[in-house]
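Protein chains in written order, with the working numbering: chain H, 39 to 1013; chain E, 36 to 289.
Keep in mind that the hints are not guaranteed to be accurate.
[Said to hold, decoys possible] Here are the simulated lysine to any residue pairs, SDA-like style, with alpha carbons at most 20 Å apart:
#1 H:K678 / H:Y874
#2 H:K838 / E:P264
#3 E:K273 / H:I839
#4 E:K273 / H:D837
#5 H:K719 / E:H260
#6 H:K958 / E:W266
#7 H:K389 / H:D886
#8 H:K838 / E:K273
#9 H:K838 / H:L900
#10 H:K1007 / E:F226
#11 H:K302 / H:S286
#12 E:K156 / H:Q58
#13 H:K719 / E:K273
#14 H:K465 / H:Q614
#15 E:K273 / H:K1007
#16 H:K719 / E:K272
Keep in mind that the hints were calculated from the coordinates and are not lab data.
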Amino acid sequence: MTNTIQILSIEKTGKESSLQKEHNNKSIKIIDGYFFSRNLDDQKFTKISKLISNDVSQTILTKKNVNKVLSSYCNFNWVVEIKFLPGVTDNIATTVKEIIKDNLKSSFKSFELGSTKIILIKGRKEDITKISKNEANPLIQTIKIYPFKQYLNNFKKNQFKIEKVKLPKKKYIKKEINLDISDYNLSLIGKLGIEENDKSRRGTLGLDLESLKTIRNYFSTIKRKPTDVEIETLAQTWSEHCKHKIFSAKIDDIQEGIFKKYIKGATEKIIQLRKDNFCVSLFTDNAGGIEFNKDWIICHKVETHNTPSALDPFGGAITGIVGVNRDCLGFGKGAKPIANTYAYYLADPNKKYQLYRQKNKDPMLPANFIAKGIISGVRVGGNCSGIPTPQGNVYFDDRFAGKPLVFCGTVGIIPKKIKGKLSHKKKANPGDIILMAGGRVGKDGIHGATFSSEELDPNSPVSAVQIGDPITQKKMSDVIIRELRDENLYSSITDNGAGGLSSSIGEMAKESGGFIVNLEKVPLKYNGLYPWEIWVSESQERMTLAVPPANVKKVIKRFNARGVEATIIGKFIKKQKAIVKYNKTEILNLDMEFLHEGYPKLNLKTSFPKIKKEKKKIIKKSSLIDKLHKLLSSPNIVSKEFIATQYDHEVQATSIIKPLQGEGRVFGSATAIKPIFDDEKSIALSQAAYPQYAETNPYDMAGCSIDTAYKNLIVSGANSKKIAILDNFCWCSSDEPDRLYQLKEAAKACYDYAVAYQTPFISGKDSMFNDFKGFDKTGKSVKISIPPTLLISSIGVVDKISHLTKITPDDGDILLVLGNTRNELQDSVYSKIIGYEKSKNPVVNSKDALHTYRNFEKANKLGIINSAIGIDLGGIGIAVTKMAIASKKGLTIDLKLKNKISVDQFLFSETPSRILVSMKKNKLANFKKIFKGSDYTIIGKCTGSDVVEFKDNKKIIRSKISDFAKSYKQNIKGL
Amino acid sequence: MNVLVLSGYGINCENETLHAFEVVGFEGKIVHINDLIQNPKQLNNYQVFAIPGGFSYGDDTGSGNAMAKKILTNLYDQLIDFSLKDKLIIGICNGCQILINLGLVPSLNKKDPEVAMIENKSGSYECRWVDVKVNNNKSPWLKNISILNLPVAHQEGQFMIPINLLKSIKANNLIGLQYINNHKKLAKGQFPFNPNGSKDDIAALTNQNGNVLAMMPHPERAFYHYHVPNWQNNTSKKFGDGYKIFMNAKKFFA
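All chains should be modelled from the sequences, with the hints used to inform the complete structure.
Listed below in structure tokens is the structure:
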């Protein structure tokens, strides 16, 4: 331990304010630490300390000053020291190394360095235990708690340990696997992984018995045994995550499967029906692309990162967002990411679910830890990458306690043509060099693709967690988008996500024929990885490029000049063969056809599920105003401003309709960016999902998602002919016939409504097993399945700035509800919070909806509409109060209803396809002309006072806008 | 009139910053820090040096520190030289943090950083619009401006200034911008008007000549009228308040 040293710097004030607030303890202090694998003489110690700290705001702790400095705050009694586990990406350490190397140059030889976070506290032992649980994740960090005095002594004696990645000494580079074994043993390989020499298992492959038998047959035909690398590769390539086997399977009498029939089928039908096809790239690439204007294409992709976020919420979410950014970088020749979107489906952060993956041990992380981690992961990923994150939402339901859903999306932009060639077309040519650019490869994320396709159970591998490094990716992204792409220096590009190199190269090689990879060339974070690990590792921030040999030197030089590593690791070939070598030993040799299409196709059957009826809840007697307050402050309606303000939505200077709208800052359901400075066109974004409607009727649930995602863009001012949508199915127990029935129904609705609205699907993704199997606190086994969730994301083009709408009415405006209101309170927020009424579930009538939308679009273009807001959760009542809160202007609502529904049904029903609008009185005549024959109701006016009032025959009830605003802006408990 | 806009290692506002300069009449170029280190002489071709916002080195070891150390190691003399000429330097957000860490502002003792940027008092990242008033009217960047409505977006925007230094900063009139409340009075630390708890509501500092400006708010994100929140209520103007800062740079050389 003599050849080590650490530098600790303490912030004089600040840094711990959020921690202090959270734990209600003023006596908390944070220290930044850096430890070195070598000793430093005094001169170097001082020099390095100066490089990595700021002596105005920080003090470097030394043996001499440590007592004095620390006692100046208070008498601390506990210390928690948090370090990354060996092998986990340590971004801070990388930066510090770079600063030191740059400044000290040759005078400082190679060294290992790690960062650590030290928290000091004056309090009880329980407090420090709680803090350590909140601040660190044992999956990726070591957490040590010391009595303060002991820690101080250790520091003075310079006693601390540096842990390194302990890897077995390399024993083999390939391993032949015998598959001529019993079905039972075969299925063990699928479930637990390949057996190592010491009888341990590598971790799940997610291959079922039939797949393993198919592999066995293939190898018996070619008369040899498979290698471990081959089985690992097939497991990755055939995973549900990569091949979407359920969506492509024959299901009941649908031969072609639901993807081809309902999703792709809808888009094909729409293209056939419409003369003005604006789709550019559909389903085949990393993202879907549509035309933005005559020179530019925009693309959009939404991914989920559910299982990793359950295990490591911060890491899971940050890799989710930077991962989907790479999908844009990998769209066509490389699109520049211009907006991020998010949607989180979470358990109640204020509840303690106490779930365990194994009986009485291996607990699930607390719901609030998961929620906070996810929110910050996307914050750091988006903000650090310089990509605005304007659009998103959060939804809470107990059924997400076993698995949170984390949807991360990115919009990208790319010129239509690059050097005269269509930018969305790419083709790796035989002879092209395979270049890996960006981060290095480590053990992170091994088996990510195979395990995200499985349920979360005790055998879920912990090494499946990666940590994103947005700065490495930003550096790489800048080189690609700004320097390489526009000179046409590469022929194809794709990202390394699930399945790592095995997937990215395997996919790209389809363009040329096949590939040969020399795996020993791949740069590693540390030595000792098995070849199979290098091949499937999901280490982040890497792109794979196909580069013509003549350009390779130039490309590598460009990357290196920007501090980015790029390495030749093989070449693409014409022959339909997938070949991997390690130091000349062939470790994989498969036919491309078998690799990609050899998997056994599923044959699925569905059955009608038992409908789980909403529990009857007695209606709480309360006044209308009271009900409004209750709904406004409920977690699924309350403002998400605290997320909007921590996500930079202004970077790139494109934000034109912001997430917080009106002077009263209402969290909007659609936002817009204007991506090109000299074109007034903008991109409107929205999204919708209704997991709460799913069990009652999955068809209507899907209809509502499409309708709302589409409607929100119409309301924002988008051109109805330029709206495209994306589908993200997050399902549960997709091996059960009744869940498959719900899936089929939802997919059918996707077809019906997309075709009705003529809005094509351009991209999508599915995640089929979002179930938790484990134990409750009493040791009883439990299974928690998420409700089937279909997130529809919408992207549309707004032709003119003047078409963009606002949600704030002006004094004297009259208020109207467009569309018919029915008694559809079932599964509504009202029925959950206030109580059950005999009612129906929300159903979309696409014909009526289209009337409303087309007329709205016309009226808006003519300047008739002054303000508009889509009516969604909480119905008209919530839409009205949101308008008032946003504009800080009073409204009067007339409740003398003509049709036969009660006041509560009118105000809180969640009937889809409705819009609340305001307009100047003198526009009403023109409005009526346009809306002749379609449904609308005049419901009141904008008074400009400070109250919202509801009038019926008998009385007037009112509440101050500021009181509504207070309810709407309440903190979400537990966050 | 030429502007050099710095890029690299996680700086991310270079495109919109360059655009703002170009619209007011500059010619400009985005230059990667490594290219500038390779060929520092190219600085002679420029009249304005702009360090845009971003997350250089992911804020590791403190916002702006790592990039400041890179400049300190490789470009410091050239930049000092630039600042002593009749030229302009601006650092916006992360650029401000970098200038502060370099000690180019307030630069009263010409050695070592004198001011530090620390975490917002709220403990969280703050992306929101604020009003600031111009305090130092003699800086070419801020001439003839009284109040600006601009967005901030930062995690570490709190200026930390030792008391004695603050006295001389005030005595030398080096506070560039200060956060104000909805009554156009100093925010007095009140959130959200002062988004980070900065002492004396400081949002920007200058050097003694006023030609170097380090500001936390983003003028390039308030450049056009449609950048401003709720712009639909006021569509008469073409530009937002941020435009004025860039115009001032143009006027300085005109």
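Going through the hints against the structure:
no. : hint             : verdict
1   : H:K678 / H:Y874  : 27 Å, violated
2   : H:K838 / E:P264  : 18 Å, holds
3   : E:K273 / H:I839  : 12 Å, holds
4   : E:K273 / H:D837  : 19 Å, holds
5   : H:K719 / E:H260  : 15 Å, holds
6   : H:K958 / E:W266  : 19 Å, holds
7   : H:K389 / H:D886  : 41 Å, violated
8   : H:K838 / E:K273  : 15 Å, holds
9   : H:K838 / H:L900  : 12 Å, holds
10  : H:K1007 / E:F226 : 16 Å, holds
11  : H:K302 / H:S286  : 11 Å, holds
12  : E:K156 / H:Q58   : 11 Å, holds
13  : H:K719 / E:K273  : 16 Å, holds
14  : H:K465 / H:Q614  : 15 Å, holds
15  : E:K273 / H:K1007 : 33 Å, violated
16  : H:K719 / E:K272  : 19 Å, holds
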